[in-house]
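A.B. asks: Each chain, letter by letter, is given below.
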Amino acid sequence: MAQITLVEAINRALATEMERDSDVVIMGQDVGKDGGVFRATVGLTDRFGPERVMDTPLAEAMIAGMAIGMAVEGLKPVAEIQFSGFAYTTIDQILNHAGRMRYRTRGRMSCPLVLRTPCGAGIHAPEHHSESPEAMFAHMPGIRVVYPSSPRRAYGLLLASIRDPDPVVFCEPTRLYRLFREEVEDDATALPLDTCFTLREGTDVTLVTWGGMVHETLGAADALAELGYAAEVIDVATLKPYDLDTILASVGRTGRCVVVSEAPRTAGFASEIAASVSEQGLLSLMAPVQRVTGYDTVVPLARLEKYYIPSVERIVAGARRAIEFS
Amino acid sequence: MAQITLVEAINRALATEMERDSDVVIMGQDVGKDGGVFRATVGLTDRFGPERVMDTPLAEAMIAGMAIGMAVEGLKPVAEIQFSGFAYTTIDQILNHAGRMRYRTRGRMSCPLVLRTPCGAGIHAPEHHSESPEAMFAHMPGIRVVYPSSPRRAYGLLLASIRDPDPVVFCEPTRLYRLFREEVEDDATALPLDTCFTLREGTDVTLVTWGGMVHETLGAADALAELGYAAEVIDVATLKPYDLDTILASVGRTGRCVVVSEAPRTAGFASEIAASVSEQGLLSLMAPVQRVTGYDTVVPLARLEKYYIPSVERIVAGARRAIEFS
Amino acid sequence: MQPVARFEIYYTQYLDESGRVTQPFPEFAQDTAQLIDLYRWMGLMRTYDAKAIALQRTGQLGTYAPILGQEAIQAGVGSAMRSDDVFLMTYREQGIQLMRGVTMKELFLYWSGDERGSDYSGPRGDFPICITIGAQATHAAGAAYAIKLRRQKRAVVCAIGDGATSKGDFYEGMNAAGTWKLPLVFLVTNNQWAISVPRGAQTAAETLAQKAIAAGIPCEQVDGNDLIAVRQVMDQALTKARNGEGPALIEALSYRLSDHTTADDASRYRSADEVADAWKREPISRVRNYLTGLGAWDKTREEALLKDCNERVQTAVQEYTATPLPKPAAMFEHLYETLPSALEPQRAELDLNGDAGGADHAG
Amino acid sequence: MQPVARFEIYYTQYLDESGRVTQPFPEFAQDTAQLIDLYRWMGLMRTYDAKAIALQRTGQLGTYAPILGQEAIQAGVGSAMRSDDVFLMTYREQGIQLMRGVTMKELFLYWSGDERGSDYSGPRGDFPICITIGAQATHAAGAAYAIKLRRQKRAVVCAIGDGATSKGDFYEGMNAAGTWKLPLVFLVTNNQWAISVPRGAQTAAETLAQKAIAAGIPCEQVDGNDLIAVRQVMDQALTKARNGEGPALIEALSYRLSDHTTADDASRYRSADEVADAWKREPISRVRNYLTGLGAWDKTREEALLKDCNERVQTAVQEYTATPLPKPAAMFEHLYETLPSALEPQRAELDLNGDAGGADHAG
Ligand SMILES: Cc1ncc(C[n+]2csc(CCOP(=O)(O)OP(=O)(O)O)c2C)c(N)n1
Ligand SMILES: Cc1ncc(C[n+]2csc(CCOP(=O)(O)OP(=O)(O)O)c2C)c(N)n1
Ligand SMILES: [Mg+2]
Ligand SMILES: [Mg+2]
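Chains A, B, C and D, in that order, are what the protein sequence lines are. Using numbering that gives the first Met the number 0, the first residue of the first sequence is number 0, and each one after it goes up by one. Using numbering that gives the first Met the number 0, the first residue of the second sequence is number 0, and each one after it goes up by one. Using numbering that gives the first Met the number 0, the first residue of the third sequence is number 0, and each one after it goes up by one. Using numbering that gives the first Met the number 0, the first residue of the fourth sequence is number 0, and each one after it goes up by one.
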């Protein structure tokens with residue numbers, strides 16, 4: 000088994016599924032000869048030809064809209080939006096059309112597309128390259144939102160997303176693309192889309208997070224261990240619809256919960272989880288659910304972005320507020 | 000003082016501010032001769048001419064983008080998006096540009112625009128005419144989101160929004176446009192944008208809502224009164240940034256809280272308020288915060304929409320869950 | 000100086016407004032039986048349309064968008080398309096829908112606010128009505144790409160209005176069609192109005208056809224009130240598209256003789272004179288005049304046609320009104336292929352509150 | 000058949016790739032001192048550009064987008080604009096920015112990831128760099144509308160790339176410019192590449208200029224490596240715009256001689272031969288050849304120029320590196336005119352955690 004990075008795992012999943020299913024078509028800006036600005040699609044044009052690995056004109060609404068038309072006609076398009084800051088122009092198509100094709104035709108049509116897009120800050124990129132739009136997508140009916148945080152989960156969840164009969168927005172944590180390697184068996188096995196992943200068990204506090212923040216949250220669990228606290232770490236992985244049961248079960252055991260997200264706080268997905276845990280877990284909660292999130296401001300450019308993304312220390316502080324609450 | 004409807008109040012506010020400030024310019028589809036599909040801009044072309052009441056080509060991103068350019072150049076554009084289901088194509092402009100002009104130029108530029116758009120279901124309209132996108136806008140840094148629920152508040156809050164030096168998304172409850180009349184003094188007095196409005200005082204439960212749902216929520220308060228429960232009703236009115244203090248103070252007195260919204264539940268603005276109240280009000284809460292919301296599905300077309308929008312009965316049931324919790 | 004590029008826009012017409020022949024007919028139009036068949040379709044469209052408005056006015060239908068005046072475009076396009084072609088449409092294409100096999104009952108259901116009206120029993124591959132103006136232009140490009148990838152001899156027709164030509168999606172879809180040489184024909188129904196915005200306020204372009212020059216695809220204008228011209232120009236474009244010769248754009252000039260929808264009052268923004276003038280060019284009478292001139296049509300046949308149309312429409316109305324209302328739980332059906340378990344509590348909540356939700360909200 | 004509309008695209012060049020005159024010069028270019036001045040600007044651009052890349056390579060700057068090869072466009076446009084005109088730009092217009100009074104220190108700050116680099120000390124009315132491709136086309140229309148409404152004699156220049164011509168915003172902005180006859184000139188820098196996507200894969204349109212036909216606005220092509228042509232064509236378009244004669248679009252043909260940015264490796268997708276060939280047409284040497292031929296330039300002057308440019312760039316580097324880092328709290332400044340009290344707890348939280356946040360996240 001190969002030790003590969005998250006972005007390599009995505010590349011493998013794409014290649015494996017294209018091999019298995021001739022309806023799978025890749026599309027996006029620079030996904031062809033260039034192999035994608037993050038190299039996620041490298042080698043695919045050579046293997047599958049430019050008809051199935053489409054370098055598109057520079058138009059995101061067109062990419063999303065074409066993917067819809069292709070999906071309805073029976074293909075399984077996997078479209079890349081180069082950065083999630085350029086995905087806002089696809090919202091109209093995803094919300095008003097992709098998520099409604101099946102519904103509005105009473106099942107006559109379906110729309111099995113995947114919209115892949117790199118998300119999150121921390122790579123010293125220009126403006127609009129550090130966005131975390133997952134809550135906006137998770138608010139939309141009829142779609143799934145998936146956000147892996149390790150090479151293995153990226154591989155398995157991307158396969159599941161491509162095979163899913165409904166539209167999936169697949170967020171990829173740019174910060175983790177090459178941060179670490181993991182053994183990934185390229186055996187075409189998908190992971191389930193309806194479950195959280197418990198990455199670490201613990202009895203004192205439940206840390207809930209997803210995407211890039213999983214890394215800092217695991218770091219925070221280490222730091223808490225040094226302070227004598229055992230933190231349970233849950234990677235939500237699929238944000239819409241999400242597996243609240245696993246989170247509630249954990250909070251049932253720990254009585255404390257911290258939700259970590261780098262998106263702006265107001266109306267972010269951390270608020271969704273905090274609201275649901277507070278609503279349904281109130282009897283087990285021994286402290287208010289803490290949100291440790293990005294601030295309600297524009298993600299700063301490179302020089303200040305590190306002060307924006309929740310740090311290990313902020314997560315630890317949030318956990319201590321929960322644990323030491325009385 | 001005149002008894003006028005909510006949409007008439009909007010019309011008055013527009014006329015009054017155009018009279019006072021020659022930089023105010025109206026723009027949108029059919030806002031000119033036709034007076035707007037809801038008649039919000041009726042009479043304004045005759046009074047102020049087509050240069051200041053611009054009938055635009057059919058292009059929402061253009062409307063938002065032009066409004067940005069106009070605002071940066073010193074005008075105060077008030078743009079209408081005919082229905083909020085067509086406002087999704089403005090998200091890119093509002094989020095990536097309107098909300099950032101001041102920030103990214105370190106105050107060299109500003110972007111004082113207002114984007115008005117009718118929101119909510121219940122008027123038996125075609126697909127995409129029943130959307131509640133407020134949470135998506137409220138997630139964006141650098142903007143304000145305002146959502147009045149009565150003629151008087153529509154008048155005062157629209158004046159405040161136009162005068163505000165930063166971009167405002169102004170949601171208008173279509174269901175309430177003509178539902179009732181109220182005395183509104185056309186005296187150019189704005190209402191504050193940084194405060195909730197407590198519409199009704201009560202000691203047993205706090206009902207928090209905004210926009211069209213204020214109507215059903217007041218109905219629920221009546222129904223609760225018949226059951227012997229005194230409900231406090233809070234109209235959030237400005238959703239971003241919002242006045243959590245007033246809500247917390249109320250919950251501090253009542254110990255129970257229900258948040259009512261017709262948007263889909265997951266990652267909606269009801270989750271934001273529920274999360275914050277649960278987080279900061281835990282010690283006063285005697286029951287979990289209840290969310291009574293639209294379902295996580297597509298708003299049905301006319302024949303079923305009434306089953307989608309939270310009814311008085313559902314709100315009462317939510318309130319009873321909160322009140323009778325133990 | 001020599002230009003580096005040069006473009007021309009042509010206009011096609013065979014029958015003028017009084018039904019006079021302005022140039023030799025194409026082959027299909029020399030077959031009078033075919034013309035009569037299309038004339039009948041136009042009659043059915045107009046009868047259906049009037050009934051839909053009547054149903055709306057009597058509270059039996061929701062807001063409705065009439066097709067009055069656009070019957071020649073719709074019969075021309077409907078007859079030029081094959082059943083395995085793909086149609087993407089606006090809310091004002093009911094005539095084409097009928098010809099493609101959508102039933103009148105389905106149309107009435109749709110316009111009553113019932114999703115089942117988009118589960119077409121006929122053209123299973125046609126896209127549902129696109130209400131967000133222009134978005135279907137990119138869907139059309141995607142569908143056409145799939146067809147091309149699979150080497151099928153099918154074409155896609157994307158219908159949009161004059162107002163829609165201002166939307167970015169329209170240009171992005173055209174550009175895709177050009178870039179990949181897709182089997183896709185854009186039909187721009189220029190009915191001169193986008194609600195209250197006249198064609199001249201929509202763009203400074205002299206023609207809407209020329210917008211396709213931006214995408215490097217062939218484009219032309221046609222008299223959209225001339226059934227023969229529309230059918231002929233569309234047929235040629237579709238044949239090319241099916242044969243792998245790439246996309247085209249056709250601007251069909253017509254006039255929206257009705258209000259925008261039943262919720263609109265066009266007298267607020269356009270003069271009665273203009274409308275009366277437009278009636279002179281309306282599409283049905285010129286075919287009737289032509290056929291009558293040939294001796295192929297007369298008053299008796301006209302009356303029989305009207306009677307037949309009325310009966311067919313009446314039957315559809317009965318089928319429609321006899322259809323039971325959908326169940327509230329339908330709003331959780333077909334949302335996903337299988338309802339995710341995370342949504343089950345919400346469906347249960349709906350069941351619990353189904354009746355309670357039964358009251359109208361706006362009073 | 001007579002066409003109902005007809006269009007032609009013209010191309011302008013004065014100096015060919017070897018510096019030979021291909022047609023009589025416009026007035027400004029007969030003033031050699033002016034040409035020398037512009038030549039100096041191009042030299043400064045190239046020196047600055049090379050230094051920016053060097054700073055990035057040594058970790059002193061973030062990802063940077065070079066302007067190499069586009070100096071003639073930038074000097075031509077920069078000199079045709081007036082200070083009270085408004086400029087809307089992409090990330091690849093540093094030459095125009097310099098000519099408009101943005102300091103090199105500000106440019107370095109911007110490219111280091113510091114918002115203060117957009118607080119231009121010079122052109123206070125120029126829009127900040129627009130990274131989302133194409134969005135500035137609609138901002139430009141809005142700014143031009145404001146100017147027109149106020150009856151000012153100013154014009155707006157909106158610069159975009161060949162890739163950007165595929166975006167809906169571009170067409171929507173052009174359509175607005177045509178509809179309201181706005182004082183707005185679109186400058187399309189066709190440098191043949193949009194990252195790895197060649198011009199030919201971007202659209203089937205024969206020229207990018209013709210895209211403006213869709214909006215009914217005048218359009219033309221110019222040799223973008225010919226300083227004189229760019230300056231002349233731009234000057235004419237701007238004069239018209241300022242005089243209320245409406246918008247225009249100019250496609251300037253050039254070549255991106257560099258990688259897309261310092262994060263790109265263009266050798267992955269284009270051949271060395273193609274780049275070598277493009278170097279033959281690069282814009283600076285042809286002006287030098289022309290001036291040298293006139294006897295107005297020589298090696299000594301060239302060396303003096305280079306020395307001067309290097310010194311100016313070096314001074315700016317020093318100013319840049321001496322600028323203290325922004326404080327974390329800056330992220331709550333200028334978000335709103337006045338920070339809403341609802342956000343104060345977050346600012347307090349930042350203050351509390353300011354240092355803790357100081358560690359890099361991606362390691
Ligand atoms: C994106 C979008 N914006 C606005 C509307 C509201 N609207 C419905 S129809 C219409 C006018 C469309 O005009 P045109 O394209 O000419 O089609 P026609 O109605 O004439 O058939 C408008 C503005 C919409 N449906 N979608
Ligand atoms: C809306 C949007 N999509 C994608 C990108 C990523 N991106 C940055 S530059 C670029 C290519 C732009 O090409 P062109 O317009 O020709 O300008 P050039 O880089 O050649 O100056 C792309 C795709 C972006 N910045 N914005
Ligand atoms: Mg029209
Ligand atoms: Mg380029």
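To be clear, the hints were calculated from the coordinates, so they are not data collected in a lab. It cannot be assumed that every hint is accurate.
Unchecked claim - Chain A is faced by these chain D residues, among others (derived, beta-carbon under 10 Å):
#, residue
1, SER17
2, GLY18
3, GLN22
4, PRO25
5, SER120
6, GLY121
7, ASP161
8, HIS259
9, THR260
10, LYS326
Stated by the list, open to error - Which chain A residues stay away from chain D? Per the calculated CB distances, all over 10 Å, these:
#, residue
11, GLY84
12, GLU126
13, ARG199
14, ALA229
15, ALA301
16, GLU312
No residue lacks a Cβ here, since even glycine has one placed at the ideal position from N, Cα and C.
A.B. asks: Can you verify the interface hint for D/LYS326: is its Cβ closer than 10 Å to any Cβ in chain A?
C.D. replies: holds, 8 Å
A.B. asks: So, D/SER17 near chain A? Judge it on the closest CB pair being under 10 Å.
C.D. replies: violated, 33 Å
A.B. asks: Against chain A, run the beta carbon of D/GLN22 and see if the smallest gap drops under 10 Å.
C.D. replies: Check failed: Cβ of D/GLN22 comes no nearer than 34 Å to chain A, outside 10 Å.
A.B. asks: Non-interface claim for A/ARG199: all C-beta distances to chain D beyond 10 Å?
C.D. replies: holds, 20 Å
A.B. asks: Are D/PRO25 and chain A close enough, Cβ to Cβ, to be under 10 Å, as the hint says?
C.D. replies: At 34 Å from the nearest chain A Cβ, D/PRO25 fails the 10 Å test, so the hint is violated.
A.B. asks: With a cut-off of 10 Å on the beta carbons, see whether D/GLY18 makes it to chain A.
C.D. replies: violated, 34 Å
A.B. asks: How about D/SER120: closest beta carbon in chain A under 10 Å, or not?
C.D. replies: It is violated, given that the least Cβ distance between D/SER120 and chain A is near 19 Å, above 10 Å.
A.B. asks: Classify the label on A/GLU126 as holds or violated, using whether its beta-carbon is more than 10 Å from each beta-carbon of chain D.
C.D. replies: violated, 5 Å
A.B. asks: Against chain D, does A/ALA301 hold up as non-interface, every C-beta pair farther apart than 10 Å?
C.D. replies: violated, 3 Å
A.B. asks: Going by Cβ atoms, does A/GLU312 stay more than 10 Å from chain D at every point?
C.D. replies: violated, 3 Å
A.B. asks: Taking 10 Å as the limit, does the beta-carbon of D/GLY121 come near enough to a beta-carbon in chain A?
C.D. replies: violated, 20 Å
A.B. asks: Does the nearest C-beta of chain A fall within a distance shorter than 10 Å of the C-beta of D/HIS259?
C.D. replies: With a closest approach of 9 Å, the D/HIS259 hint holds.
When held up to the earlier numbered hints, the structure conflicts with 1, 2, 3, 4, 5, 6, 11, 12, 15 and 16 and fits the remainder.
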